[in-house]
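**Q** Spelled out from the first residue to the last, the chains are:
There are 2 protein chains.
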Amino acid sequence: MGSASVRERLKKAATAIFRAGIKAVDPEDCINRRLRRTADTLWVDEVGYDLAGINKLYVAGAGKASAAMALAVERLLGERIDDGVVLTKYGHGVPLRRCRLLEAGHPVPDENGLRAADALLKLAAAAGPADLLLCLFSGGGSALSPAPVAGISLADKQETTRLLLACGATIQEINTIRKHLSRLKGGRLCRAAGGARIVSLIISDVIGDDLDSIASGMTAPDAGTFGDCLAILSRYGLEEGVPAAVRRHILEGAEGRAEETPKPGDPAFARVRNLIVGSISDALTAAGREAGLQGFIPLILTSMLHGEAREAAKVVCSIALEVRRSGRPAPAPACLLSGGETTVTIRGGGLGGRNMEFALAAGIELAGLERVLLLSAGTDGTDGPTDAAGAFADGSTVLRAQALGLSAVRHLDGNDSSSFFAPLGDLFVTGPTRTNVMDLQIVLIQ
Amino acid sequence: MGSASVRERLKKAATAIFRAGIKAVDPEDCINRRLRRTADTLWVDEVGYDLAGINKLYVAGAGKASAAMALAVERLLGERIDDGVVLTKYGHGVPLRRCRLLEAGHPVPDENGLRAADALLKLAAAAGPADLLLCLFSGGGSALSPAPVAGISLADKQETTRLLLACGATIQEINTIRKHLSRLKGGRLCRAAGGARIVSLIISDVIGDDLDSIASGMTAPDAGTFGDCLAILSRYGLEEGVPAAVRRHILEGAEGRAEETPKPGDPAFARVRNLIVGSISDALTAAGREAGLQGFIPLILTSMLHGEAREAAKVVCSIALEVRRSGRPAPAPACLLSGGETTVTIRGGGLGGRNMEFALAAGIELAGLERVLLLSAGTDGTDGPTDAAGAFADGSTVLRAQALGLSAVRHLDGNDSSSFFAPLGDLFVTGPTRTNVMDLQIVLIQ
Chain Y
30 MGSASVRERL
40 KKAATAIFRA
50 GIKAVDPEDC
60 INRRLRRTAD
70 TLWVDEVGYD
80 LAGINKLYVA
90 GAGKASAAMA
100 LAVERLLGER
110 IDDGVVLTKY
120 GHGVPLRRCR
130 LLEAGHPVPD
140 ENGLRAADAL
150 LKLAAAAGPA
160 DLLLCLFSGG
170 GSALSPAPVA
180 GISLADKQET
190 TRLLLACGAT
200 IQEINTIRKH
210 LSRLKGGRLC
220 RAAGGARIVS
230 LIISDVIGDD
240 LDSIASGMTA
250 PDAGTFGDCL
260 AILSRYGLEE
270 GVPAAVRRHI
280 LEGAEGRAEE
290 TPKPGDPAFA
300 RVRNLIVGSI
310 SDALTAAGRE
320 AGLQGFIPLI
330 LTSMLHGEAR
340 EAAKVVCSIA
350 LEVRRSGRPA
360 PAPACLLSGG
370 ETTVTIRGGG
380 LGGRNMEFAL
390 AAGIELAGLE
400 RVLLLSAGTD
410 GTDGPTDAAG
420 AFADGSTVLR
430 AQALGLSAVR
440 HLDGNDSSSF
450 FAPLGDLFVT
460 GPTRTNVMDL
470 QIVLIQ
Chain F
30 MGSASVRERL
40 KKAATAIFRA
50 GIKAVDPEDC
60 INRRLRRTAD
70 TLWVDEVGYD
80 LAGINKLYVA
90 GAGKASAAMA
100 LAVERLLGER
110 IDDGVVLTKY
120 GHGVPLRRCR
130 LLEAGHPVPD
140 ENGLRAADAL
150 LKLAAAAGPA
160 DLLLCLFSGG
170 GSALSPAPVA
180 GISLADKQET
190 TRLLLACGAT
200 IQEINTIRKH
210 LSRLKGGRLC
220 RAAGGARIVS
230 LIISDVIGDD
240 LDSIASGMTA
250 PDAGTFGDCL
260 AILSRYGLEE
270 GVPAAVRRHI
280 LEGAEGRAEE
290 TPKPGDPAFA
300 RVRNLIVGSI
310 SDALTAAGRE
320 AGLQGFIPLI
330 LTSMLHGEAR
340 EAAKVVCSIA
350 LEVRRSGRPA
360 PAPACLLSGG
370 ETTVTIRGGG
380 LGGRNMEFAL
390 AAGIELAGLE
400 RVLLLSAGTD
410 GTDGPTDAAG
420 AFADGSTVLR
430 AQALGLSAVR
440 HLDGNDSSSF
450 FAPLGDLFVT
460 GPTRTNVMDL
470 QIVLIQ
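The listed protein sequences correspond, in order, to chains Y and F.
In terms of this note's numbering, the first sequence opens at residue 30 and continues consecutively.
In terms of this note's numbering, the second sequence opens at residue 30 and continues consecutively.
Derived from the structure by calculation, the hints contain no laboratory data.
Errors might be hidden in some of the hints.
[As the list claims (entries may be wrong)] Residues of chain F clear of chain Y, computed beta-carbon distances all greater than 12 angstroms: (1) Gly31; (2) Ala45; (3) Trp72; (4) Ile83; (5) Glu132; (6) Leu259; (7) Arg276; (8) Glu281; (9) Ala390; (10) Glu394; (11) Asp442.
[Stated by the list, open to error] Covered by chain Y, according to a simulated footprint, are these stretches of chain F (three or more residues, beta-carbon under 8 angstroms): (12) 48–60; (13) 321–334.
The beta-carbon is built from N, C-alpha and C at its ideal position, and this holds for glycine as well.
Kindly generate the complete structure, drawing on both the sequences and the hints.
**A** Encoded structure:
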């Protein structure tokens, strides 16, 4: 069949484009692009650090990609590393020679995480003004390293987060409170590091690459205050609802009897450099380059896609339809690229993730169209509680499903995208990619 | 204040860009661009009609812009028009000399609409093979001209539509059924016209400009069948729920005992030309040209924007943020343009329309950003049950509202966008524009 072979060709092209995107944010590549060593100088971009003039060199890492980042750092600095603690998710470790590799629970923090957070803080505390602390942060770093302040238990923190989520608090509000319950987050790691030079290399998994959001900004200033925390609790009527220890700590802080997080301009940041070394923008740029090699005119729409997955799919597809119709905003053969993180409001009890749901909605939008194909997938290789990274959709998706007795609309209604795409053979499976810069959408219009 | 004057300047530029878009779809301009007269030839684009060889020339119009379209036709053809019936919404009439102007109810059909539909059918029935019927359709034509088949009342048709809407039937499904209950829609006007030549000039108010959707496709083939109608009723469990007369008619039709709508390829269309003379695409093109004159690089994203207004706003704004951040998909100063028709799921009891709700959601997305402004407005000059066409939003919207005691999030939750923008002075008021090609979104990034 002509259209089936076109579909296979577009699937192949989209896969190559996705892989090029992933390759650009491979943790080792991210480190190697920004770090160089010449004789006794460590170059971080254009800034040189005289290794001979540095007393001790420490490595601190936390996040799903951080062990792989540490491997690249070890290859570069080897014996020059005096000590290191690198914390990652169970199963995400790689053998390290100079750094101590610790694994902990994610997304639900556990006891190993508590111990690992202590190890990170102890490492930082060992550093002095003549030392260099090289931090390696990536998505998940926050949940992996719970470090509640004295008197507050891990369970207290988790209950507080749960209550805020249930009240519809924003992620910014939740983070403001979390940072004020932590010994590590909201820049506190810097304060612990006793005036050492700090270089943080960060792979971003948040929209907009806000330094104070990735891994809860352990080395970034925090604009929020205990007063803000109090206002947030009051906004959601939670002054009495949160655990007593949490309430007490926030009240004490608001009265100036607990230590504030370091603010922008705080001396703790005088010798700190935070550098995003990998982000969805890098993945998009590389994906766009590969799309060009594959014969498509690349158009990067946004690195900040968000909102309800099925609605975002309508807008992205409406742009694809316009390409086909009028050659705007780019003439075919075109490749529309977007990245970010959509959300799914759960309505049904089905199995799927935000990428597959995006693809399912796109399948409905593109129904009947020829020579158009969409791939939406998570750059970490997983999408929701499934083994696939995402799914392909094209103009034949709805009809081919119908032939198998599957209704696209009904599966979308039930958030049941995985069981929709599996029998079609249109799941996109990569296995773990060892990195995470959110999701990537690729639309090919030939 | 510097930022206030930047805002005023961007508001002015957006207004000029919007007005340029509207001007391109002015009904008279639309007609004058496509119709010319040289001596005894009427040119419709590149096709000439020998006026001397035509016996009678009739004009039939239905829609909110159709009286204004007829005015342009009268100016061109004057005394050559033998008879005409032009149907528009109350208050949308303009004095016509050769055509009979009729006004009727919209969006709720009324008795005057029933009479007007009969007049249209009677006019068509007077036409023969030597005659030319010039049709002028625009949005609203369908509701303005209810023509239920014998035995079915206007109330029966309305009740059927209401039931289908309540079941979540798609607009395509509803139209399939409506066309099978009408003596005018789904191409039946052509069949009534007894082999006359027909030229339909159409201003589109539907996404994708489907000929069979605009004014219910009075001169376009209908792919749907009575069998499809039956399947739709059964899909929603409405076989017994619809009024008895409707059920009876559809059952008779499915058994071949009622006349089907003319299908693609039907001889009724052999001498019919359907031409879109105005659409949101034309408005976008003209708006883009004006944006260029105002110093912005125009990028037309889509003419087919749809989906939930607040979610579509997130995607459009995420593209604007990307322009600011990385100069992609276009470098600043840029003007992002989109058109189409979003929807609003009513949650609160507030006052507003889909454009104001889009702008309100955009205000939240753009909060804090400088030199970015969005205008979303209906090209007909109205947005929901308000006097405004839409609203402006920018990075200062949320804060300026806060200063007046207004919460953007709360107003969005309550679908209460009109009372949010009114006190800010950010409503966009044009008065009726005499045309309608859905909505236009303009985002300026300086």
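**Q** Now tell me, hint by hint, if it's right for this structure.
**A** Against the structure, the hints come out as follows:
no.	hint	in the structure
1	Gly31	holds, 23 angstroms
2	Ala45	holds, 21 angstroms
3	Trp72	holds, 25 angstroms
4	Ile83	holds, 34 angstroms
5	Glu132	holds, 35 angstroms
6	Leu259	holds, 19 angstroms
7	Arg276	holds, 25 angstroms
8	Glu281	holds, 29 angstroms
9	Ala390	violated, 9 angstroms
10	Glu394	violated, 9 angstroms
11	Asp442	violated, 10 angstroms
12	48–60	violated (count 0)
13	321–334	holds (count 7)
Checked against the numbered hints above, the structure violates hints 9, 10, 11, 12; every other hint is satisfied.
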